[in-house]
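Each chain, letter by letter, is given below.
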Amino acid sequence: MDLNKLTETSGEWLKGSGPDSDIVISSRIRLARNLADFPFISRATELDRSEIEKRLRGIVRGDHLPLTLHYLNVAELTEVDRQFLVERQLISRELAESSGARGVAISQDEQVSLMINEEDHLRMQIMHSGFDLVSAWEQLNAIDDAVENKLTYAFNEQLGYLTACPTNVGTGMRVSVMLHLPALVITRQIEKVFRSLHKISLAVRGLYGEGSQAMGDFYQISNQITLGRSEEELIEQVSDVVPKLINYERIARKFLMKENQESLHDRVSRAFGILSTAQTISSEETMHLLSSVRMGVNLGLIPDLQTPHLNELFIHTQPAHLQKLSGVELETADRNIERARYLRTHLNREENGQN
Amino acid sequence: MKCQRCEKSATFHITELTGGKPQEHHLCEDCARQYLTQGETQPSSAPSLKGVLANQLKVGQTAEELARLDQRACPVCGITFFEFRNQGRFGCPHDYVCFGEELEPLLMNIHGETEHRGKKPQTHTGDTDGKTDLIRLRREIKSAVAEEDYERASNLRDKIKTIENKQAES
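Residue numbers (our numbering), protein chains in the order written: chain A, 1 to 355; chain B, 1 to 170.
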């Protein structure tokens with residue numbers, strides 16, 4: 001798989017298609033699985049790790065899987081390439097930053113990625129654009145069965161699939177939906193929403209998972225419980241709250257448009273102004289301003305811009321993407337200059353394109 | 001080790017797993033009780049081992065009992081309960097069996113349930129605890145080699161080969 005080719009696209013999760021895709025960015029499901037006859041990663045020797053990697057690599061590259069995957073040896077990738085895969089959400093930060101034998105198998109459309117030797121021996125992930133958990137699960141379930149056909153997962157009749165951390169035991173399943181909720185942030189209702197989600201044992205995380213800040217007002221809602229419920233029930237639990245959150249965000253947007261349109265329009269236009277003229281800009285500021293512009297576009301306050309194009313800017317202005325696009329490794333200061341240049345070119349091109 | 005909050009000796013070693021990096025607290029029984037109950041008023045974002053320890057305190061588990069439990073090790077991978085509490089990660093699938101009893105309140109706390117209701121393996125069905133023998137044997141080889149007992153290491157290697165071949169056939 002040629003990683004440089006991938007830079008030209010924005011990846012599955014930012015495609016911006018599907019119903020309510022102005023608010024729901026993507027739907028993701030992951031399964032945690034372990035081999036029955038090896039220790040978990042924390043107690044695995046170097047030899048264990050390479051043996052696990054070898055066995056799983058053989059299986060994920062095999063032709064018995066319902067799809068073709070490209071295998072990347074993560075240990076051999078450059079730091080920029082590893083960061084690049086993190087930015088595209090194809091591997092976790094943990095897999096990028098750990099050491100020893102590890103890898104990832106990715107489908108061409110970037111919907112499926114199977115990580116080897118992450119926290120568990122095998123972490124299988126599927127990502128669909130928009131709000132689409134049911135068909136995502138169908139696809140991942142089939143992949144899980146095909147893998148299981150070739151090996152023995154650590155399984156216990158009472159506890160289900162055994163995982164390194166007891167917070168994942170049972171189904172080993174994490175269902176998450178990523179939402180863009182800028183109006184709930186502006187109206188300061190987001191904390192209240194989170195508290196009520198925690199009460200029904202749903203977790204809220206930022207764009208890049210645990211510990212990361214909510215960059216660009218993107219939030220991932222996921223199940224906390226993995227044991228004692230079926231996979232379908234877990235999907236339902238997350239699915240049930242998504243329409244409510246969409247509705248809250250729409251009400252907040254309507255409120256801002258009705259009560260405060262001038263100041264909202266001003267905010268959005270200023271954000272666009274900075275992005276399209278700045279000479280140097282950090283990744284954080286870019287995310288923050290793009291979030292306002294994205295909402296402005298969805299509310300019709302900024303004409304001539306499309307959501308998919310904005311989604312692309314979100315990912316292309318991330319540090320590793322920027323470096324791959326420009327073809328050279330850049331220090332932070334140079335990256336900020338290159339990022340500003342990239343934004344100017346792309347935001348002004350869009351305007352000119354309409355003339 | 002002394003308690004981080006007072007002069008008494010620390011008998012509770014708590015690893016806070018919620019939010020960012022794991023944080024370690026070494027506290028005496030009184031301070032631990034105080035620490036563990038303060039969180040109850042705040043909205044907790046994720047269930048943690050802390051919460052489970054709070055439960056164990058409530059049912060009256062003494063510091064001595066906890067200290068004894070901390071010493072127990074898994075015969076397959078060698079991880080002690082103390083190490084598990086510290087890392088929040090198990091060492092091998094057999095830990096779920098050998099620490100089963102201690103695990104139950106923890107699972108109740110995290111999931112509110114202790115029975116799997118989801119899908120099951122389709123091909124390699126049933127409980128796989130028997131397979132953890134291979135983990136134990138590989139670990140024994142390592143210690144045999146460290147002790148320069150090459151004969152034992154070679155015997156163990158043969159034993160593993162036999163088991164692996166048998167599995168490959170089935």
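Please note: incorrect hints may appear among the correct ones.
Now the in silico label distances, taken between C-beta atoms and shown as ranges [to be verified]:
1. A:K192 <-> B:A67: 36 to 44 angstroms
2. A:S50 <-> B:E101: 45 to 53 angstroms
3. A:H288 <-> B:E113: 38 to 46 angstroms
4. B:M1 <-> A:Q108: 49 to 57 angstroms
5. A:R93 <-> B:E7: 39 to 47 angstroms
6. B:N86 <-> A:D2: 24 to 32 angstroms
7. B:S143 <-> A:E191: 27 to 35 angstroms
8. A:E94 <-> B:E101: 26 to 34 angstroms
If you're looking for bench data, these hints aren't it; they were derived computationally from the structure. Model, not experiment: these values are computed from the prediction. Ideal Cβ positions, reconstructed from N, Cα and C, are used throughout, including at glycine.
Please flag the earlier hints that this structure goes against, numbers listed from lowest up. When the structure is compared with the hints, numbers 2, 6, 7 turn out to be violated.
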